[in-house]
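Novice: Put together the whole structure using the sequences plus the hints.
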Amino acid sequence: MRGTPLEPWFANKTYEQSSWVMQNLGNAFRMGLLSKVGGVYLDMDIISVNPMAMLSGGKGDGMARALTKQDAEWFNNAFLAFPRGDAFLEELMKEFVSGFRGFIWARNGPRMVTRTYQARCRPQKGPPAPECKGLKITSTHVFHPATYNNRQVLFDDWSRSCEFMGNLAKRSIGIHWWHRRVQDKVELNPESVLARVIAKSCPAVVESFGLESLGISEKVAVGIPESLRNEDPDLLLKKQTGAAAKKA
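In terms of this note's numbering, the sequence shown opens at residue 1 and continues consecutively.
No wet-lab data here; the hints were simulated from the structure. Keep in mind it's a predicted model, so treat the numbers as computed, not measured. Beta carbons: idealized from backbone N, C-alpha and C, even for Gly. It is possible that some hints are incorrect.
To be verified - Ranges of calculated distance between the beta carbons of each label pair, as one might list FRET restraints:
(1) Ala221 with Ala72: 30 to 38 Å
(2) Met54 with Glu163: 47 to 55 Å
(3) Asn12 with Met54: 26 to 34 Å
(4) Pro190 with Glu226: 15 to 23 Å
(5) Pro51 with Glu212: 13 to 21 Å
Specialist: Structure representation (structure tokens):
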């Protein structure tokens, strides 16, 4: 954090004013690390299905500066690619600090990226900021073929999801499977889309731990569990927790 716009936020322990301390520390650390060394950041709940070079047509130069969309409206910080000391990344960190509200889910992650991009690259008045030049925006299908609102597809029978599986193989680099919503609360049928992707894309993990240890069991029915059909009350945009939440 030292030497970045995040330094006072961290030094003052502002992150403690949150319902999701570790989540918000993670949001900050990924930007701080990229600002120091540059590179590509991916959330751990993104399963790789194609090489990163696919984004640049195999040239290997398309990931230098890039953001991703999670749907038609929002960006997502599950994927970030920036060189060391990038100017747009600097703006992301500034917006993270100035707009931080620790009791509003997603405000300091996906919505922070969205606010920054709209303010700097799609301003209501004037031209885009210089740091927007050369910034690549990946389409939703690249990392979010299963959008948050369409997450039920992860539990569908893969053999009856030919179009989805075909697009995943041809158009996606990874599949973000929304661990914070799905997590280890549920098990998967081995014929589900997500279980099939895990088996095919992570063979070493499956061989090391076995399907049952990964929560994949034939005893589980195909289809999204009833518990996941509605919004998780713990992930509402505003979590009312004490006086600090009311000020958010």
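Novice: Now, for every hint given, state plainly whether the structure supports it.
Specialist: How the hints compare with the structure:
1. Here the CB-CB span from Ala221 to Ala72 is close to 31 Å, well matched to the stated 30 to 38 Å.
2. Our hint of 47 to 55 Å for Met54 and Glu163 is violated, since their Cβ atoms are close to 19 Å apart.
3. At about 42 Å, the beta-carbon gap between Asn12 and Met54 misses the expected band of 26 to 34 Å.
4. Distance hint for Pro190 and Glu226: a CB-CB separation of about 20 Å, consistent with the stated range 15 to 23 Å.
5. For Pro51 paired with Glu212, a C-beta distance near 30 Å fails the hint of 13 to 21 Å.
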